[in-house]
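**Student:** Taking the hints into account, I'd like the entire structure generated from these sequences.
Chain by chain, the residues run as shown.
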Amino acid sequence: MKNRNLVGFFFFLLFVGTTISAFGQDSDEKGEGKEKEESERTFDASTFIMDHIADSHEWHILTKKNGESVAVYLPVIVYCREKGLDMFSSKKLAHGHEYKGYKLEEEGDLKGRIVTVNKDGRINEGNLPFDFSITKAVVGLFFAAVIGLLLFLSLSQSYKKTGISHPKGIQRFLEPIILFVRDDIAISNIGIHKYEKYMPYLLTVFFFILINNLMGLVPFPPPFGANVTGNIAVTFVLAVFTFLITQFNGNKNYWRHVFAPPGVPFWLLPIMIPVEIIGIFSKPFALMIRLFANITAGHIIVLSLVCLIFIFKSLGVAPVSILFVIFMDSLELLVAFLQAYIFTLLSALFISMAVEENH
Amino acid sequence: MTGTMAAVGAGLAVIGAGLGIGRIGGSAMDAIARQPEATSKIQTAMIIAAALIEGAALFAIVVALIAK
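So the sequences go chain by chain: A and B. Taking my numbering, the leading residue of the first sequence gets 1, the next gets one more, and so forth. Taking my numbering, the leading residue of the second sequence gets 360, the next gets one more, and so forth.
Just so you know, these hints were derived from the structure itself, not from any lab. Keep in mind that the hints are not guaranteed to be accurate.
Said to hold, decoys possible - Just some of the chain B residues that point at chain A, by a computed CB distance under 7 Å: (1) 410; (2) 418; (3) 420; (4) 421; (5) 423; (6) 425.
Stated by the list, open to error - Calculated from the model, a selection of chain B residues having no Cβ within reach of chain A, i.e. all distances over 12 Å: (7) 361; (8) 382; (9) 384; (10) 406; (11) 411; (12) 414; (13) 424.
What the hints assert, rightly or not - Here are the in silico distance ranges between beta carbons for each label pair: (14) A:255 to B:411: 23 to 33 Å; (15) B:389 to A:249: 38 to 48 Å; (16) A:237 to B:422: 38 to 48 Å; (17) B:381 to A:330: 33 to 43 Å.
Where a beta carbon is used, it is the ideal one built from N, C-alpha and C, also for glycine.
**Tutor:** What follows is the structure, encoded as structure tokens:
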């Protein structure tokens, strides 16, 4: 099966490419006085949680007892108008060092972003460089995409070999889900004559969101702990896709509903038309916020419950906390499936509103 | 001050979500009691409606997080 080998090789290349400087260690800041101070510092739960939710340029694996941290330093790709394109490992920017005129902000408004640095000060708001880096979320996204490709390419290969009638292997698991998306989401909303054109998009969105949600729930090992769908840029792009598909496939009926809703007297039109136009934008916006907030809120809850152990600094809290975490994680599993379903359902609904014929 | 107000705002939003989902659950229970053979359809519709209401409540949480 050539496809499978090609995809496996691509996966391998991707991983080699994204871990250019793997497992770097930093060897500075090892004073003894500092160690003692750090062990008695109170545990700051909110920073801890926000650091785990947010995207970052390095993949932090663990911090050893003497303060050294083990992390995978992901590549940084920045483009700035004066200096052009620069690619280097983020190890050079660790701990606030400055490299080639770039610096990684550690606190303040621009925390976590790369800024350009002057000889003495900072070139700030005019001139933030374009950051195309392969960050943690991007690696997670690539990994999910590769998983999806592997699953579905092998599915299509086995259909080609054995035919549609007799499912075996991975077909048995995926076929009911694909049929569910086709029957309950696509056909029942878009209609049996027009649904086929939009099936690839609906299937892709459903499985993409599902795989990324599930991967966000598994904290370990490294490609799994990335918070992809909890990143508002990712959900923004998905919502933009739905928006573009509905707009470019809208037929005359759809635009008539927007600009001249039937049954509305003419003196209400100055109110109805802006409302309808806002509605065109607010529906994908709601899709974006719903997915982002559900997944992020779930992660924050689970992390907070785990942080309880560290806030109380006692081992007795651990059984209670772990039980709560198991319960919340099962709820998060339900939410993962549900949010993928809701996103796909609402996308199908918007597409159906755009392509429906006059009745 | 804005931190406290943000927390109060988030709490108020959750009151709205709780009331809404409670009402959905209540009507779902009534419907299931009236017609037990339609349980699975009612359950599916209930979960979908709950997810949409939760989306609205999470709008407010996101605003509260941004206002910090």
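**Student:** Now, for every hint given, state plainly whether the structure supports it.
**Tutor:** Evaluation of the provided hints:
1. For residue 410 of chain B, the interface hint holds, the least distance from its beta-carbon to any beta-carbon of chain A being 5 Å, beneath 7 Å.
2. Using the Cβ-Cβ criterion of 7 Å, the hint placing residue 418 of chain B at the interface with chain A is satisfied: the shortest such distance is roughly 6 Å.
3. Interface hint at residue 420 of chain B: satisfied, since its Cβ lies 6 Å from the closest Cβ of chain A, which is below the 7 Å cut-off.
4. Interface hint status for residue 421 of chain B: upheld, as the beta-carbon distance to the closest one in chain A is roughly 5 Å, under 7 Å.
5. For residue 423 of chain B, the interface hint is violated, since its Cβ never comes within 7 Å of a Cβ in chain A; the closest pair sits about 11 Å apart.
6. Look at residue 425 of chain B: its Cβ only gets to about 11 Å from chain A, farther than 7 Å, so that hint breaks.
7. No beta-carbon of chain A comes within 12 Å of the beta-carbon of residue 361 of chain B; the shortest separation is about 15 Å.
8. Interface exclusion of residue 382 of chain B from chain A stands, the closest Cβ pair being 19 Å apart, more than 12 Å.
9. Under the 12 Å C-beta cut-off, the non-interface status given to residue 384 of chain B relative to chain A holds; the minimum distance is some 15 Å.
10. Interface exclusion of residue 406 of chain B from chain A breaks down, the closest Cβ pair being 7 Å apart, not more than 12 Å.
11. With a closest Cβ-Cβ approach of about 7 Å to chain A, residue 411 of chain B is found to fall inside the 12 Å limit, against its non-interface label.
12. For residue 414 of chain B, the shortest C-beta to C-beta distance to chain A comes to about 4 Å, within the 12 Å cut-off, and the non-interface label is violated.
13. The Cβ of residue 424 of chain B sits about 8 Å from the closest Cβ of chain A, inside the 12 Å cut-off, so the non-interface label is violated.
14. Here the CB-CB span from residue 255 of chain A to residue 411 of chain B is close to 26 Å, well matched to the stated 23 to 33 Å.
15. Between residue 389 of chain B and residue 249 of chain A the C-beta distance comes to about 40 Å, which sits within the given range of 38 to 48 Å.
16. For the pair residue 237 of chain A and residue 422 of chain B, the supplied restraint of 38 to 48 Å is violated, since their beta-carbon distance comes to about 22 Å.
17. Here the CB-CB span from residue 381 of chain B to residue 330 of chain A is close to 21 Å, at odds with the stated 33 to 43 Å.
Of the numbered hints stated above, those contradicted by the structure are hints 5, 6, 10, 11, 12, 13, 16 and 17, listed in ascending order.
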